[in-house]
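Let's have the full structure, built from the sequences with the hints guiding it.
Chains A and B, in that order, are what the protein sequence lines are.
In case it helps, UniProt numbering puts the first sequence at residues 1 to 571.
In case it helps, UniProt numbering puts the second sequence at residues 1 to 633.
Derived from the structure by calculation, the hints contain no laboratory data.
The model shown is predicted, which means the values in this text are computed figures rather than measured ones.
Built from N, CA and C at the ideal position, the CB exists for glycine as well.
Mixed in with the good hints there might be a few duds.
[What the hints assert, rightly or not] Pairs of lysine to aspartate or glutamate, DMTMM-like flavour, derived with a Cα cap of 25 Å: (1) B/Lys289 with B/Asp301; (2) B/Lys289 with A/Asp127; (3) B/Lys289 with A/Asp121.
[As the list claims (entries may be wrong)] Looking from chain B toward chain A, a few residues come up when the C-beta cut is under 10 Å (computed): (4) Gly46; (5) Leu56; (6) Ala57; (7) Ser83; (8) Gly198; (9) Arg207; (10) Ile215; (11) Leu274; (12) Phe450.
[Stated by the list, open to error] Some, not all, of what chain B presents toward chain A, calculated at C-beta under 7 Å: (13) Ala50; (14) Arg76; (15) Phe192; (16) Leu242; (17) Val253; (18) Ala269.
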Amino acid sequence: MTGIRDLAPVIRTDRMGRRLGLAVAAGAAAELAGLGLIGSAAWLIARAAEQPPLAALSVAIVGVRAFATSKGVFRYGERLAGHDVALRAQASTRERLYRALIPAGPLNQRGADLLSRMVDDTDAVQDLLVRCLLPAAAALVTGVVAVTIGLFLLPAAALVLLAGLLAGGVLIPAGTSAAARRWAARIAPARADLAARVADLVHAAADLAAYGANGRALAAADEADARLAALARRQARANPLAAALGVVTQGLTVAAVILVAQGAGVGTVATTVLALTSLVSFEPVLPLAAAGERLTGVLAALRRLREIRSTPPAVADPAAPAPVPTGPLTVEVEDLVVRHGPGRAPALDGVSLTLTPGRRVALVGPSGAGKSTLLSALMRLVEPEAGTIRVNGVEIGDLSADDARRLMTGLTQDPYVFQASLRDNLRLAGPEAGDEELGEAVRRARLERWVERTGWDAVLGEDGRTVSGGQLQRLALARALLHNPPVLLLDEPAEALDEATADALMADLLDATHGHTMLLVTHRLRGLERVDEIVVLENGSVAQRGTHEELVSSPGYYRDLWRSEALTAGR
Amino acid sequence: MHKDLVRLARSERAVRGHLALCLAAAVLAGLLVLVQAELLAGVLSGRFAASALLLLAVVVGVRALLALVQGAAAGRTTTGVKSALRHRLLARLQELGPVRPAAQRSGELVTLTGRGLDALDPYLSGYLPSVAVAGVVPIAVLVRLFAADLTSALIVLVTLPLIPIFGALVGMHTRAVTERQWRALSRLGGHFLDVVRGLPTLRAFGRARYQAEVIRQVADAHRSATMRTLRVAFLSSLVLELAASLSLALVAVPVGLRLLSGSLDLPTALLVLLLAPEAYLPLRAMGNKFHAAMEGVAAADEAFAVLDDATRAPGADAAASAAGGARAGSARAGAAPETGAGTGAGTGAGTLGATARHVNGAKIADAAGSPNGARIGNGAEPEGVAGADAPGRAVRAPEIRLENVTVRYPDREEAALEDVSLVIAPGERVALVGESGAGKSTLLHLLLGFVRPASGRVLVDGVELADHGSWRDRLAFVPQRPHLFATSVADNIRLGAPEATIDEVRAAARAAHADEFVTALPDGYDTALGERGANLSAGQRQRVALARAFCRPEAGLLLLDEPTARLDGRSESAVVTATRDLAEGRTAVIVAHRPAMIDLADRVIRIADGRVVADAPAGERQPAGTRGEVPSR
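This is the structure in structure tokens:
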């Protein structure tokens, strides 16, 4: 069974096997106590009707009281142990998933919705344990014990009970599981369609309202909802059917057991005990129909997680990483070719570039020219198809990815704000930094006014203060400046800022990074006369390179852009 | 029980019937268990012949049938309630308009309206029936027990209330703690998601591995705290379990002893043994379903909070049409009593909290065709309004006049726009500049009718904006990040003109410099966009949005919100050229950052902190970065 394979690594850790065993034992004991309670009570009453001496009943009386008391205690133990195991399993599943995600992989391209589904999927292990495995184990033990009791009293009746329990505990759950699988495949597209319509209405509210298209969009959502509801109504018949079959199985099994027992003439006491234990032995078995249904979803989630874990990282670390180069760093990029997927046009097609210590190089070019891809290659987030990147003569492919990023990192595309204080959001780039250094980074990123207003301890991120695009960009820049890597990479540091702020920020930045090895991606040319070299990328290759003076005096993308910028800015 | 939810279920006729059927089937099936116990006891004690087993089979069959009926009815109830609630939520969101306070995060609204409502399933199809059963079956069992054996009945009668009493006592004691812990659990999930989402950033700064440790520590700390809580919280179920099983023992042992003494017969004794657990079972079943149902209650609370929240909308769609009431009473003076809607809006709007009902009333009245002009206190029949619906009308660039307009958002202290007065002449092209957050977008939203002034007036061709019934038919809007729908390119372009022919769509695309790349797509204008379709670059998306505007040739007012904010030089110039053509012969208000866009304008208005700080013809524009040097109006 696939689920077990996913559980194995979870169980191996943290003495989980023992804890799980304890939970199973407590659950089974609780069910058995219930069985014992009804069995001994049935025996007590049926036997008492024969009016034996009181002593003959004393064991049963003790049994009734003991089972009655212990049932609740065992149940309590089961719930505690079960939840403990589930929480541990979930924690270790999440940690395992996280560790699998640490090396950069194609996952980086996944959307936010996929990520949150992935996190939801980690609950599957918890459900597998608490809602599938534990109930199944308890039902199994109960069934075995009930059938064994039956074997002692009347083997024929025991066989009837066994047949009934198998139907209720195996066939019906198998049916619900199959139905859930079939319906999941049919309902998922309808659900996704509805979600898309709803997202349209919410995210595109302005577009729809401005163009008077609200009514049409609402009607489309209603239609999608109606389609989903029609499917859901049909799906909703599966579980009641299972419940109905369960009721019939239980009732007919009990009736058959009585018929068999009375036919065999085993007497009122044995018949009563057989009938009532049969009746009660179904109690842990019938809920397995719901477990079967849930199991389908659980297994699908586990399969998705397994796929994620087994996706090879985009960049493999070498078996024996080379030592990290020290001293002033020279980065040489030679004929670099990067492709974002087989069959796609290369994002970088033979790019060469040299960064000597203290040299500042700017990368410009239209969007999609490969600027960010080059930064990704330097940060060892993508594996080049051909060409080399050397740092002081060491190929970065021979370094571990972490070490490569220790040398070259900075402001990346799509920086993220964590649900944490402003201070912690900044300090993740410099865990050792004191308040003074934090303040300096913030000042250099032109963020000090906002920080003053917001306060260092204000919580940012989803549950906290909203951060505008410009603030986020400057926060990310402050992180990069605080981190201060040997080779600073900056991807569009002035994006999402207004002209005046962007100009001031670039001027500051170029002041502050004087003498610092830096690769700067930008689409604004103002200030670039101060960098040592400008590389113009177009369609993945170097179209032009040189200083600002050289580039403005020769025809091409750079001069066109410079002229249009100068023209419109009135310079 | 959730009052709003039950009210909703009652108000929808179809749902009401199915819910009643579902509850009735559940109760009936519960009562049949009594009959089943009666038959079993009779057969086992030998009072009934074995042939009574046939009757037992029939009872079981009927119970199975009732389970089917209950399930089908429950399915119809849940889908019915969810559809109704979803429809109301979406309609309400549209009323609230596109400008929502930050407190309502779009993502959450999408989740709530979509998957979130599924949390109602266990409440409606599990909890409600179990409540009905718990209300009827224990009493029926007690009645039967009293008829059969007084002593046992008394024991059950005395112990039965222990379950709700203990449940409530322990529940009260642990509820707050438990709830806090469950919230912490969801926060833990949030923390994990947060870290996973931010992984690229962590990776860039070499903190990814360190966070793995943090994840473990947070989870461990959380687990210990949770288990401490659960040890207490689960006491409630321990007590319930004990109460039920000990009560059975309390009944069974004396019954056995009385059988021994001959003061009770076996059929009655067996009946008591079989019936007694059935008295407790429904209460425990209800308790078990309670927890899953609580998620549904939370979802319902959230949904009804959105539905009931009228105060949040500074300028709901609906409010815009009823905004007359916001003008200090002038509307009320002239309100014709023809529908009462105008009056309703007028009275209600004195406070911003004009309840949804009033506003809705006004909207419905408008939709029903009540003449808008009738509510205008200051006369001036709007000539533009009457004919605005007529197709094929020539472009008429409107004049826009703002008189001392102040806009406030309920969740913010400072005004978004403060005492702004402006006149934009017909055909004038105005660039709005200023720092982000200064109020430029609010001004656009004001003209779009997404927000309404807290004080002051917005006049279009001399008539107050609120009274232009189909005002938005006369404008074209290009937002900063236009939303492209997961449908064909052509349908995306004809968003504001669903009747447009493919030739008109092409013409619009050509004018927007979009025809070339659209034709190059795999299926041309029929290419589906979005997740499963083609992806367009930012510049291309912007040009599709411009094509939308071109596809509305009758629009006299053009509103653009930083259409080139994220474009590189070459994409920018295509968008700028297209915008220049589009603005021809129209009144245009353009929020702009970039010089190329600002240069399109005849006039540049700088806004800071919600006020106009500079207003000058484009030629006299001061260098970017200075402000306040041109006298404000």
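Consistency of the hints with the structure:
Under the criterion of a C-alpha separation no larger than 25 Å, the hint pairing B/Lys289 with B/Asp301 is consistent with the structure, at around 18 Å. For the hint pairing B/Lys289 with A/Asp127, the CA-to-CA distance comes to about 17 Å; that is within 25 Å, so the pair holds. For the hint linking B/Lys289 to A/Asp121, the alpha-carbon distance of about 23 Å falls within 25 Å, and the restraint holds. Taken as an interface hint, B/Gly46 checks out: its beta carbon lies about 7 Å from the nearest beta carbon of chain A, inside 10 Å.
The interface hint given for B/Leu56 is met, as the beta carbon of that residue sits about 5 Å from the closest beta carbon of chain A, less than 10 Å. The interface hint given for B/Ala57 holds, since its Cβ lies 6 Å from the closest Cβ of chain A, which is under the 10 Å cut-off. Interface hint status for B/Ser83: upheld, as the beta-carbon distance to the closest one in chain A is roughly 5 Å, under 10 Å. Checking B/Gly198 against chain A: minimum C-beta separation of about 4 Å stays under 10 Å; hint holds.
Because the beta carbon of B/Arg207 sits about 5 Å from the nearest beta carbon in chain A, less than 10 Å, this interface hint is met. The criterion of a C-beta within 10 Å of any C-beta in chain A is met by B/Ile215, whose closest approach is roughly 6 Å, and the hint holds. A distance limit of 10 Å between C-beta atoms decides the matter here; for B/Leu274 the minimum to chain A is near 8 Å, and the interface restraint holds. Checking B/Phe450 against chain A: minimum C-beta separation of about 7 Å stays under 10 Å; hint holds.
A hinted interface residue such as B/Ala50 counts as satisfied when its beta carbon comes closer than 7 Å to some beta carbon of chain A; here the least separation is about 6 Å, so the hint holds. With 7 Å as the threshold, the beta carbon of B/Arg76 comes within range of chain A, its nearest partner Cβ sitting at about 6 Å, so the hint holds. Satisfaction of the interface hint for B/Phe192 is found here, the shortest Cβ-Cβ separation to chain A being roughly 5 Å, below the 7 Å cut-off. Hint status for B/Leu242: holds, given a least beta-carbon distance of 4 Å to chain A, under 7 Å.
For the restraint placing B/Val253 at the interface with chain A, the shortest Cβ-Cβ distance is roughly 5 Å, inside the 7 Å limit, so the hint holds. About 5 Å separates the beta-carbon of B/Ala269 from the nearest beta-carbon of chain A, less than 7 Å, and the hint is met.
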